[in-house]
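Make a model of the complete structure from these sequences and hints.
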Amino acid sequence: MSNILPPQLARKMYSDMFRIRQFDTKVVELVDDDLIPGSCHEYCGQEAVAVGICGALSDKDILTSTHRGHGHTLAKGGDVGKMFAELFGRSAGYNRGRGGSMHIADFARGIFGANGIVGAGTPIACGAAHKFKAAGEPYVAVSFFGDGAINQGVVHEAMNLAAIWRLPVIFVCENNLYAMTTPLRDVTILEPHERANAYGMATTKVDGMNVGAVFEVALSAVERARSGAGPTFIQCDTYRYFGHYSGERHMKTTYRTQEEIEKWKERDPLDFWAERLIGASICSAQDIERMKREVDEQIAEGVEYARQCPSPSPQDALEYMYAVNYPYTPAQGAEQ
Amino acid sequence: MRQLRFLQAMNEAYRQVMAEDDSVMIIGEDIRGGIRGETKGLHAAFGDDRVLDTPISEAGFTGFATGAALAGLRPIVQFQVPSLIYVAFDQLVNQAAKMRLMLGGQADLPITYTIMVSGTRGGNAGQHSDNPYPYLVHAGFKVVCPSTAYDAKGLMIQAIREQDPVVFIASAMSLPQKGEVPEEIYTVPLGKGQVRRPGTDVTVVAVGHLVPEALAVAESLFEQQGISVEVWDPRTLLPFDRDGLLESVRKTGRVVIYDDTNRSCGYASEVSAVLGEHAFSSLVAPIKRITRADIPMPYNPDLEAAVLPSPKQLDQAIRAVWSYAK
Numbered sequence: 021m022s023n024i025l026p027p028q029l030a031r032k033m034y035s036d037m038f039r040i041r042q043f044d045t046k047v048v049e050l051v052d053d054d055l056i057p058g059s060c061h062e063y064c065g066q067e068a069v070a071v072g073i074c075g076a077l078s079d080k081d082i083l084t085s086t087h088r089g090h091g092h093t094l095a096k097g098g099d100v101g102k103m104f105a106e107l108f109g110r111s112a113g114y115n116r117g118r119g120g121s122m123h124i125a126d127f128a129r130g131i132f133g134a135n136g137i138v139g140a141g142t143p144i145a146c147g148a149a150h151k152f153k154a155a156g157e158p159y160v161a162v163s164f165f166g167d168g169a170i171n172q173g174v175v176h177e178a179m180n181l182a183a184i185w186r187l188p189v190i191f192v193c194e195n196n197l198y199a200m201t202t203p204l205r206d207v208t209i210l211e212p213h214e215r216a217n218a219y220g221m222a223t224t225k226v227d228g229m230n231v232g233a234v235f236e237v238a239l240s241a242v243e244r245a246r247s248g249a250g251p252t253f254i255q256c257d258t259y260r261y262f263g264h265y266s267g268e269r270h271m272k273t274t275y276r277t278q279e280e281i282e283k284w285k286e287r288d289p290l291d292f293w294a295e296r297l298i299g300a301s302i303c304s305a306q307d308i309e310r311m312k313r314e315v316d317e318q319i320a321e322g323v324e325y326a327r328q329c330p331s332p333s334p335q336d337a338l339e340y341m342y343a344v345n346y347p348y349t350p351a352q353g354a355e356q
Numbered sequence: 107m108r109q110l111r112f113l114q115a116m117n118e119a120y121r122q123v124m125a126e127d128d129s130v131m132i133i134g135e136d137i138r139g140g141i142r143g144e145t146k147g148l149h150a151a152f153g154d155d156r157v158l159d160t161p162i163s164e165a166g167f168t169g170f171a172t173g174a175a176l177a178g179l180r181p182i183v184q185f186q187v188p189s190l191i192y193v194a195f196d197q198l199v200n201q202a203a204k205m206r207l208m209l210g211g212q213a214d215l216p217i218t219y220t221i222m223v224s225g226t227r228g229g230n231a232g233q234h235s236d237n238p239y240p241y242l243v244h245a246g247f248k249v250v251c252p253s254t255a256y257d258a259k260g261l262m263i264q265a266i267r268e269q270d271p272v273v274f275i276a277s278a279m280s281l282p283q284k285g286e287v288p289e290e291i292y293t294v295p296l297g298k299g300q301v302r303r304p305g306t307d308v309t310v311v312a313v314g315h316l317v318p319e320a321l322a323v324a325e326s327l328f329e330q331q332g333i334s335v336e337v338w339d340p341r342t343l344l345p346f347d348r349d350g351l352l353e354s355v356r357k358t359g360r361v362v363i364y365d366d367t368n369r370s371c372g373y374a375s376e377v378s379a380v381l382g383e384h385a386f387s388s389l390v391a392p393i394k395r396i397t398r399a400d401i402p403m404p405y406n407p408d409l410e411a412a413v414l415p416s417p418k419q420l421d422q423a424i425r426a427v428w429s430y431a432k
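Chains as they are written, first to last, in my numbering: chain A, 21 to 356; chain B, 107 to 432.
Just so you know, these hints were derived from the structure itself, not from any lab.
Check the hints yourself; a few may be wrong.
Unchecked claim - Derived BS3-like pairs: lysine-lysine, alpha-carbon spacing no greater than 30 Å straight-line:
#1 B:K204 x A:K80
#2 B:K418 x B:K432
#3 B:K204 x B:K284
#4 A:K80 x A:K285
#5 A:K46 x B:K204
What the hints assert, rightly or not - Under 10 Å between C-beta atoms, here's a sample of chain A residues computed to sit facing chain B:
#6 A125
#7 D126
#8 I137
Even for Gly, the Cβ is constructed at its ideal location relative to N, Cα and C.
Written as C-alpha cells, this is what we have:
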C-alpha cells in the first residue's frame, strides 16, 4: 500500500468500486425487465480506472465521460437515485429523463456528461480546461475515452490543442482491448500512450485493475496540470466483464474467449483491492462486508426511489431545447 | 450617420461585446491575422486567452468552444469558409445543438458560430460555395442571415448575448455592403423580419445577399410594369418571423421566395410550407420559388450562373404570379 494514499480514501475506493459494480450489475437486470428503455454499456471490470482517477480530483475539477459512463459519474460522486431515475427516464433524473445512460451529467459535480459519440468529449474537456487556465483557477479537466477512440480524428486534434496550449487536461484512455468487437491490436500498430507521446505531452501506462496504481499516476497528472505544466495522457489497461452493451449477452459472440474473460476476472479490481486493504490492516474482512451491505442498501433504495418517480409529461417534450424560446420555436410536429 | 461596411460592422460588434463582457472569446483559424478584416485588432486588444488562433482542426476547436461554454465562457467560433462546418459536423450537430435538451437544461451553450464568405463568390467551385444554413436550421441552431451592415452589427451583438447557440451567416456577397451603422452598442432582435420595400401586389421573400438584388428587380418592375412589389427580409431564419411574413402575404396574396439554397429541402421549401399551411386562403396565385439548383457549384462561370438564382428568374416569377390573378 502506497504511503501517498490515505487509509480513509483507500477504504472509500473499495466502497466506490463496489457501488459501480453493483449499480451496473443491477442495470443489466433492469434492462431485461424493461424498466430501462434502450440499452446500457456496463462498466463492470473497469471500476479501478474511474475510482482511481476521480480519487485524485476535487469537486470543482470536471470530467467528460463516454457511452460506458456510469462508473465515471458514480466515482465523481453522482447520486445513485438520480442516476437510476435518469435511466428510467423520469423527471427526477439528472437530465430530467431527456438523456438516459449515454448522456448522464451532473454539472454541480463537474460531470459534463457521458457521450454517445466515441471520442467526442475530448475537445470539450480542453475547452473547459482553457476556461480554468484563462481564469487562473487551479482546476483540471479529465476526459475519459476507450481504446476505440484512439483512432478517432477529433481525439488527436484535442490532444494537440491541449499540448500546444499547455492546458490542464488529463486524457484517460481506458484500454479494455476491444472497440465493440474489434481488437485494438488489429487497428493500431503502436499502443495508445505511444501515439499520444507524439504530441509532446507526458504519457504513462498503468495497470487499470489496480486502483492504487491508477490513483498514483492520476495524482501526479493532476499536480502537473495544476502547476501549469500541461496535459497528461494515461493509458489504463483494463477489461470489461460484460459485452459492449447489455444486449450482447443474448447474442452469440466469438470475439472474446471464455478463457480470456476468466483470466481477467482472476485479476478482479475489487478482490485485488480487498486483499490489499486487509493485508495492510486498513480494513478487516468484516469492514469489507459492512461496506458491501451499505452499498447494496443504497442500490436498493436508489432503484426504489427511481421506480416511484413520475415520468415527464408528454406535453413537455419540447422543453429544454433552448434557454430562450421564440414564437413557433421549437416547432411541434403537428401545427397548432 | 456614419457609414460602415458589413465587415467593419462585424468587427465593431466583436470589439464592443468583447470589451463589455470578459467571458466572450473568439476561436478559429487565422483570427489574429484577420486578413479579411472582421477580426482585425482583436488579438492586440484582448490577448491570447480570448483570441485563439487554432491549428487546422475544425472538429477540435468546435468542441473546444462547447467545453468553454459549458464551463462559463461565451465563445465565438469562426469558420473561414462555409463548407468547413462539415468537418466539424459531429461537434456541431451531435454535441452543441443537442446538448441542452439532452442535459435536461442543466447547462446553457451561449456560442456564436460565424460562417464567413457564405455562398458563392465566383469561381470557387464545389467546396467553397455553399450556403449551409438549411442544415443548421434543421439541426436546431438559431440562425441569422443579415443583409445590411446595420443588421450585421445588431444581429451579431444579439447572437453573442443569446444563451443558446446561434449561427451568424456572413454572406460573401453581403460583405462589401455599406450602410448606416450607429457607433453605440445596439441589438437587432431574433425572429423579427423587415419590410425592405413596401408594396401591394407581390411579396418577395429574399434571404441575405439576395435582398439588394430583389430590391433592384422590384424597382425596375414598378417602373416598367407598375407592379408594386413588397420585399420582405426575414433577417433571422430560426426563429422565423411567421407573423411578419403572413402580414405581408395577406396584403399581396402573391409570393415569390428568392433564396440561394438548394431547391429540395432548402430554406425556400420551409417558407413555402409555412405559407401553404397558414396563408392558403389569402393566396391568389401559386407560390413560386427561385432557388439554387440541386447540384454542387460547378466551376465554370457560365455554369455557375446557370445554377444560382438570378434577378432575371425573379423578374419572370414576379410577372408570372402577378399575371396569374391580376
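Each hint tested on the structure:
{"no.": "1", "hint": "B:K204 x A:K80", "verdict": "25 Å, holds"}
{"no.": "2", "hint": "B:K418 x B:K432", "verdict": "21 Å, holds"}
{"no.": "3", "hint": "B:K204 x B:K284", "verdict": "36 Å, violated"}
{"no.": "4", "hint": "A:K80 x A:K285", "verdict": "34 Å, violated"}
{"no.": "5", "hint": "A:K46 x B:K204", "verdict": "29 Å, holds"}
{"no.": "6", "hint": "A125", "verdict": "5 Å, holds"}
{"no.": "7", "hint": "D126", "verdict": "8 Å, holds"}
{"no.": "8", "hint": "I137", "verdict": "5 Å, holds"}
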